[in-house]
Amino acid sequence: MQKITRDVLVEKAVSLLENGTVANVLGWRKGEFDYDITPAVFTDKADIEANFVWNDFCGANFSKYLVQKTRKLEGKILVFLKPCDTYSFNQLLTEHRFDREKVYAVGVSCEGMVDIDKIKAIAGDGISKIVCGEMIEVSTVYSDEVIKIDAKDVLEGRCESCKSKKHVAYDELLGEEGDVIDSNRFDEVAKLEAMTPDERFAFWQEQLSKCIRCNACRDICPACTCENCVFNNPNSGVENKAAANSFEEKMFHIIRAFHVAGRCTDCGECSRVCPQNIPLHLLNRKFIKDMDSFYGEYQAGAEVGSRAPLVNYTTEDVEPCDVFEGGNE
Amino acid sequence: MENKNLRDEIIRRSGVNPTKCMRCGKCTGTCPAFDEMEYHPHQFVYMVESGDIEPLLESKSLYRCLTCFACVDRCPRGVEPAKLVEAVRLAAVRQQGNNHMTANDVPAKIEEDTPQQLIVSAFRKYTK
Amino acid sequence: MQRIGVFVCWCGSNIAGTVDVVAVAEALKSEPGVVFSANYQYMCSQAGQDLIKDAIKEHNLTGIVVCSCSPRMHEATFRKTAAAAGLNPYMVEIANIREQCSWVHKDMPVGTEKAIILGKAAVAKVNLNTPLVPGESPVTKRALVIGGGIAGIQTALDIADAGFEVDIVEKQPTIGGKMAQLDKTFPTLDCAACILTPKMVDVGQHEKIRIFSYSEVEAVKGFVGNFDVTIKKKARYVKEELCTGCGDCVSKCPMKKVPNEFNLGMDNRKAIYIPFAQAVPKVATIDADYCNMLKNGKCGVCAKFCQAGAIDYTQKDELIEEKYGAIVVATGYNPISMDKFDEFAYNQSKDVITSLEFERLTNAAGPTAGKLLRPSDGKHPEKIVFVQCVGSRCDACNEKGKEYCSKICCMYTAKHAMLTRDKYPDTDVTVFYIDVRTPGKNFDEFYRRAVEEFGVHYIKGMVGKVSPEGDKLIVQASDIIANKQIKIDADLVVLAAAIEPDKSARPLATMLTASMDTNDFFTEAHPKLRPVESPTAGVFLSGACQGPKDIPETVSQAGAAASKVIGLLAKDKLTGNPCVAHSNEMMCNGCSSCERVCPYGAITYEDKEFRMPDRTTLVRRIAVVNPAVCQGCGCCTVACPSGAMDLKGFANNQIIAEVDAICK
Amino acid sequence: MQVKEYKPLIVAFCCNWCSYAGADLAGNNRLNYPAEVKIIRVPCSCRVNPMFVLRAFQRGADGVILCGCHPGDCHYTSGNYYTRRRMAMLFSMLDYLGIERERTRVEWVSAAEGAKFAATMNDFAEKVAALGENKRLEDLRCKK
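Protein chains in written order, with the working numbering: chain W, -16 to 312; chain D, 895 to 1022; chain Y, 4 to 667; chain E, -19 to 124.
Hint data in this document are derived by calculation from the structure and do not stem from the laboratory. Because the structure is a prediction, the values reported are computed rather than measured. Relax, there's no trap hidden among the hints.
Below, computed lysine-lysine pairings styled on DSS-like, alpha-carbon distance capped at 30 Å:
{"no.": "1", "chain 1": "W", "residue 1": "Lys193", "chain 2": "E", "residue 2": "Lys115"}
{"no.": "2", "chain 1": "Y", "residue 1": "Lys463", "chain 2": "D", "residue 2": "Lys977"}
{"no.": "3", "chain 1": "Y", "residue 1": "Lys224", "chain 2": "Y", "residue 2": "Lys236"}
{"no.": "4", "chain 1": "D", "residue 1": "Lys977", "chain 2": "Y", "residue 2": "Lys405"}
{"no.": "5", "chain 1": "Y", "residue 1": "Lys259", "chain 2": "Y", "residue 2": "Lys382"}
{"no.": "6", "chain 1": "W", "residue 1": "Lys52", "chain 2": "Y", "residue 2": "Lys611"}
From the structure, some residues in chain W lie toward chain Y, with a derived Cβ separation under 10 Å:
{"no.": "7", "residue": "Thr77"}
{"no.": "8", "residue": "His79"}
{"no.": "9", "residue": "Ala206"}
{"no.": "10", "residue": "Cys209"}
{"no.": "11", "residue": "Asn211"}
{"no.": "12", "residue": "Val213"}
{"no.": "13", "residue": "Ser219"}
{"no.": "14", "residue": "Val221"}
{"no.": "15", "residue": "Asn295"}
The following residues of chain W were derived to be distant from chain Y, with all beta-carbon distances above 12 Å:
{"no.": "16", "residue": "Asp162"}
{"no.": "17", "residue": "Gln188"}
{"no.": "18", "residue": "Gln190"}
The beta carbon of each residue, even a glycine, is placed where N, CA and C say it ideally should be.
Next comes chain W alone, as it looks inside the complex (with noise of 0.2 Å):
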């Protein structure tokens, strides 16, 4: 389905490998399955050649991958950046995470990635070949049918209510510059707000008590870059590695929410990653959506340097008994 194809991604990568502006380039590789996909830093055109991937299950947004891949690696980044992506780089950049100047950024529009899992619900288990294209065609190791699936109706809830298609940062563009769009994002969020509190409770008792407290959703989070998590800090007072019981979950997810609330770019990595499928960006778009509506709207990441609401003031703000009214009922 994309319309930028792998061709142009990898000559574009080796043409800048082989004339030196950079040393390394962090893309997609191919994994066991097809729609397994692994980030991995390539060094030389051959690797790149036989195994770089671009299709519609590159999902995972490089941007955090550079606060430590600066550090290790010698000599310049290549990173593919989708729009949402470039939303995390310049959130990064304005938190001071990596240095710009060891990173060549080329913007890659993005038509939406696949959920493997909405394909598996419709083709069954035992997946053992995926074609992507406008269509998918999609083969299983239980029949010699091939099924062909409309890519636009597997889109990742994420892509469903994308909010931008334009890169805010780029060295370089590859395919078209689109706009930032009026996404129907918050209105999931919406929805919950519209119920009653013991609905709402009963929901959310029933996602996060799905949690495992794998961390995964932390260690995938651009926005969670720190260098040791409050979660890992003995003085922190709220220290704990694995969940003991239920309200654990509840705390370290709203604790996670409210660290990365200004500074989550929404890219919906969390959600994606989660082993559980547990809507965690649902906590992320809620605080969004009341900084947008109590503090004027603010996209973190648009630009590089922004002052996020929740490190800015006014004197005349709403006061917290006042948030209620809001927007929930």
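Mind docking chains D, Y and E on chain W? Use the hints.
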């Protein structure tokens, strides 16, 4: 305060807060219709503030204001006297029982081709 | 593990009346870390304090909890007690069982139970306390005064007379400020120059004072006692040390058509100039915007005639770095622009002037040599109208003017009116006022004299419109006491323009991290009790930069600011509050969140090298708190996502321990 | 069997400069409020980390209230403005998770407002008592 309801009504309708007035008189110094007026803009504001509205309703001043808004433009306190004048005019227009006619005046006005329905509704209206 | 002593005070019957103090002492004995527990009638008494001291020594206590009145009452007392017994004073915690327990609860069992819980919370906190030592920082014994008007001059003289070095930075070529432009001063009518210029000479000759004229503050770093300031000395193309101020260059300069800002543009000066005869330093300055030599290399007359050889067309702006212990802001004020007040025809007629222009018109050194003449035709004005409150006391939404009262206009207008009537009895002088505000010694008497002895017409009302007609100005105004609208065909209209802080104040406040109000006046640390200090330690306020002020008030505030500076510079070292934030560098991300919420600018960043386990080094950006600047609010600790930032004395784990103890 | 009257446990974070002094003033004036209100002194309301609030609930508090200087009067000039934003966000989130709104509150109490302090605590305790015990946020292991 006498006439508190009418005062509050006029203040609400005009959207003007007369207590902001610091009585500098710039409105009166500005007013091009000053000579025509019995009550001048600064007095007008003060009289509304103190609920002394009856004299205003009866005064010709009410209709001498040109609504040129010079007072509104120049008032350092943002009081907007012209809007108060306008609100008092409205109050005069809307005053109950302050019709230009009474039911007794109706028969004299009836002409041959006056529709029945109009005559009935005229009595209904002016007897109220 | 700590060895904690618990001391429960009866406070006579104040506590013991509703709290079973014996039971409290007994219950707390079994808390973790507690090795000693006692109760006594008055812990704050000498005997009570001795009890604590003895117990500290006898039981080798490492921390103590005093269950007594509010820490706001006796925390300092018990800290001193602990220190006297050799215990770090920050190992003391107070459980407030009087104001927040015995006094608000009537029932003995309820009070006792709550007292025990409050005691447990305090014990839990002390268990995590660490000894704290206040930081010390040296004090650079030199002050910087920004602004060389009467405020800056007075502050500088007072500080220098106390024996400390002072530098004055003044953006104009000379010190003197607004007061140098004034003619006479109210309420005594002595001439401004006669009382100001001797002070200017004192400043120029004082061995402890340096003047950086034609200079601006470019950058400020550091903190109280240790400011690093960069001063930009603008190129004046004249070597200050050589110029004798003879004025030969000025008289020979062919470029005559430069608006003279000292006379508010009412006459012209040369491209090389000395602002006025008594300027300090009396040094010529070349105006680069007008000098033909600097613009196109065609002239050089001044260099030819300068016998001292002081002219230097190649001079460049110079940056000077200097250290200071204290900074005084004395940036002063300006009249607001009259451009938006179309109704007064200020831009249409030369004969509508501001009060400051009127000062120059009546000043013997002014453009008319002190004769009151109309700017348009040089005729003697016969009818003069003064308008007060132009742009003062406006509504908050009014974009033309200011919300505040400018305070000085009533008095100077009375002065102008009185002097005019005195000097030219044939003139007809009318003052339009809203209120006459004359609080101050001999002020109201002065105003009454203007009315009663000098025959100035004071009319309560406001001018609505000024229309130039022929060589007259038709002033249409209200007289609200007579309930009349009046028209006066005046020859001269004088507007008492509101005053506002100098435009340089806002960027300066940013450099100093000093706070300002919405009108750009500097805010004081406390409006009543600390009126000459900024909330930023080491920054002091002098004169109209803090709010509208007349000369007597400015001078007294300048002296007050100086005394605060002297008090600071007299110290060799500053001891700080030890309960300050600190960042754990191993955990800090360098993300800048903490810096953004710090109200004091106490947090900076540095790149630090870390040795990694694999023997490589890594350079990482980390936050560093300056303990001398940090006031210990703890705002940064919450902004920090990783918990790297913590507050000494109120650490995360200490507060959580208190929460746990209370909620158990 | 005698049923013990339910009294909610309330943790009150008070800033040192205004609200803690306000609480002292309530004491000086002998103004009653429930003994279940326990005050923790912090230098400024902005020192209160949302973690502390959650921790209190976890350990069995039924209500948490923050008291600070009135906006504009902060001893540290701007601390309470940050408190206001942070707690607005936190409270809205707790509401979103289905936690009862009346369990959390921010109140501005000056050093002169002893009466307001006592009245606030009485009112808050009453509202929390009406909700009953905090079951949605507590950690059962922490209950005796």
